[in-house]
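Undergrad: All chains, full assembly: derive it from the sequences and hints.
If you read the protein sequences in the order shown, they are chains A and B. Sequential numbering from 1 applies to the first sequence in the UniProt record's numbering. Sequential numbering from 1 applies to the second sequence in the UniProt record's numbering.
Keep in mind that the hints were calculated from the coordinates and are not lab data. Don't take each hint at face value.
Chain A is faced by these chain B residues, among others (derived, beta-carbon under 7 Å) [unchecked claim]: (1) L6; (2) L19; (3) D20; (4) I26; (5) Q27; (6) F29; (7) T58; (8) L74; (9) Y83; (10) I121; (11) V123; (12) V126; (13) D137.
Residues from chain B that keep clear of chain A, each with C-beta distances beyond 12 Å, as calculated [said to hold, decoys possible]: (14) G22; (15) T51; (16) D170; (17) D176; (18) N217.
Just so you know, these numbers come straight off a predicted model, no measurement behind them. Glycine is no exception: its CB is placed at the ideal position from the N, C-alpha and C atoms.
2 protein chains.
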Amino acid sequence: MSTEKLDNFKQSGDYIQSLDRGLQVIQAFSQQNSALTVSNAAKLTGLSRPTVRRILLTLEHLGFAESTNGVFSLTARTLTLGYAYLSSNNTWSIAHPFMRDFVNQTGESCSISILDGPEIIYVARVSTKRIMSINIDVGTRLPAYATSMGHVLLAGLPEEELKNYFDSNDFTKFTDNTIQSKEHLLEVLKGVRENNWGGVDQQLEEGLRSIAVPIRNLHGKVIAAINCSVHAGRISRDVLQDRFLPQLQETAEKISKAMSTTNNSRFI
Amino acid sequence: MSTEKLDNFKQSGDYIQSLDRGLQVIQAFSQQNSALTVSNAAKLTGLSRPTVRRILLTLEHLGFAESTNGVFSLTARTLTLGYAYLSSNNTWSIAHPFMRDFVNQTGESCSISILDGPEIIYVARVSTKRIMSINIDVGTRLPAYATSMGHVLLAGLPEEELKNYFDSNDFTKFTDNTIQSKEHLLEVLKGVRENNWGGVDQQLEEGLRSIAVPIRNLHGKVIAAINCSVHAGRISRDVLQDRFLPQLQETAEKISKAMSTTNNSRFI
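TA: Below, the structure written as structure tokens:
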């Protein structure tokens, strides 16, 4: 949805502003902001304090939030909102057994994500049993330009949508390796299209290295990306590319095939 | 929150009805109802069609839903609502390493849940690599009276809250073993309090057997339950009780201890 379309919709009689604002307040909670006062939440969302107060009280009375001395936090009931998506979409549970096989073979974690605006969203993840594992949950959002799955997903976009991406994206610098320009990213995406895989080396975070390949539907359209992410100190680029990449490609093919044979209109 | 309190709140000027209704529509989507027309969603929620139409259009324009020919489904962006809770609450990530150890030792799945009204909500889960694994995601809701974790959580409630539970609960019959009366459940809860663990044998689903023990805070209050669920055909009651129960109890104690030593006000 482009910003312009959303702005037009907001002028229509169908837009429910308080639903929009309520969802904004839920999303204001995060690891850094696990407990929020009305003022904090107002600052984070840009909404007025009276509005935020009514939203938090409503969420509290509906059981989605709880408060102690004016400090609010979310409750587990919020999980049921995300669960509504997961349970209504069996696509990613189809992928799970194949992801597990990959993790067993390589001893490394494996995730699937899709593109949502300028970000990727993790929709499935199987992690290793290593204590120092990379801490990512389903639902995590990361900027597409700084991740291998993002590169694969952007490389699969039609030209018009890629243009929209560049209109809405900012290049924040996370490490010395982070891609910082449209030109650089376009060059990288060209390589991803030619090779049918993408890789980033510590572009998002020092010590984090990953490769990703596309998951395609019957018509060859990229519908998701699957990756393998490792600690740079433990796994070299060569091992990633020579040993893990062929296994990841095989996993993606199996998932594409399994999805095509299930009755899921989204992927036909 | 009792029904009465919620009703009173709804009369106040602070209640935002359209946020309440919007969250109801999101929760109407499920495995059985993965794609909904305005009519379907209206029927499931009991809301009027014009109201549901505006909600679905708003969700679509905000990127939480998508539609094809008037049929709506949720998008992965909905996951970010549940993720707001998960990322703002590090409690369950503290439990993960201990749950993994349990799963490695026993080869069986392990979950943690908390009580939410008459239901339990799964907040953490580590499953086995077995192909025929029990298919449950974080965010799943199940009726407390038919699950071992539910028994442990109900047994830990103060008397007044247990009374509220019975006021709000219906006993649906899932199998021949399902508890069907308040008296029977009270007797079971008495046993759970005495033994400090609970077990159900095919009360929710044929072939599903599980044991659960409480996770307590520093003051001994039950804050969550942890279980081990198995296929009845593969694991006998004796094996569950003699081999897995001691390991589950040890796991719960380690988690209680780890949570008490972290700076988490919710559990002090």
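Undergrad: All the hints need checking, so say for each whether the structure fits it.
TA: Do the hints match the structure? See the list:
Residue-level restraint check for L6/B holds (minimum Cβ-Cβ distance to chain A is 6 Å; threshold 7 Å). Evaluation of the L19/B hint against chain A yields a held restraint, the C-beta minimum of about 4 Å falling below 7 Å. With its C-beta approaching chain A no nearer than about 6 Å, D20/B sits inside the 7 Å limit, and its interface hint holds. Interface restraint check for I26/B: the shortest CB-CB distance to chain A comes to about 5 Å, inside 7 Å, so the restraint holds.
Contact between Q27/B and chain A, as hinted, is supported at the beta carbon level, the nearest pair being about 5 Å apart and thus within 7 Å. Look at F29/B: its Cβ gets to within about 4 Å of chain A, closer than 7 Å, so that hint holds up. With a cut of 7 Å, the hint placing T58/B at the interface with chain A holds, because the nearest CB-to-CB distance is about 5 Å. The restraint placing L74/B at the interface with chain A holds, with a minimum CB-CB distance near 4 Å, inside the 7 Å limit.
For Y83/B, the interface hint holds, the least distance from its beta-carbon to any beta-carbon of chain A being 3 Å, beneath 7 Å. Look at I121/B: its Cβ gets to within about 5 Å of chain A, closer than 7 Å, so that hint holds up. A distance limit of 7 Å between C-beta atoms decides the matter here; for V123/B the minimum to chain A is near 5 Å, and the interface restraint holds. For V126/B, the interface hint is violated, the least distance from its beta-carbon to any beta-carbon of chain A being 9 Å, above 7 Å.
Given the 7 Å rule on beta carbons, the hint for D137/B holds: about 5 Å separates it from the nearest Cβ of chain A. With a closest Cβ-Cβ approach of about 4 Å to chain A, G22/B is found to fall inside the 12 Å limit, against its non-interface label. With a cut of 12 Å on Cβ distances, T51/B falls inside the contact zone with chain A, its closest approach being about 9 Å. Interface exclusion of D170/B from chain A stands, the closest Cβ pair being 18 Å apart, more than 12 Å.
For D176/B, the non-interface assignment is confirmed: its Cβ lies about 27 Å from the closest Cβ of chain A, beyond the 12 Å cut-off. Every Cβ of chain A is farther than 12 Å from the Cβ of N217/B; the closest lies at roughly 14 Å, confirming the non-interface assignment.
Violated hints, listed in ascending order, are 12, 14 and 15; each of the other numbered hints is respected by the structure.
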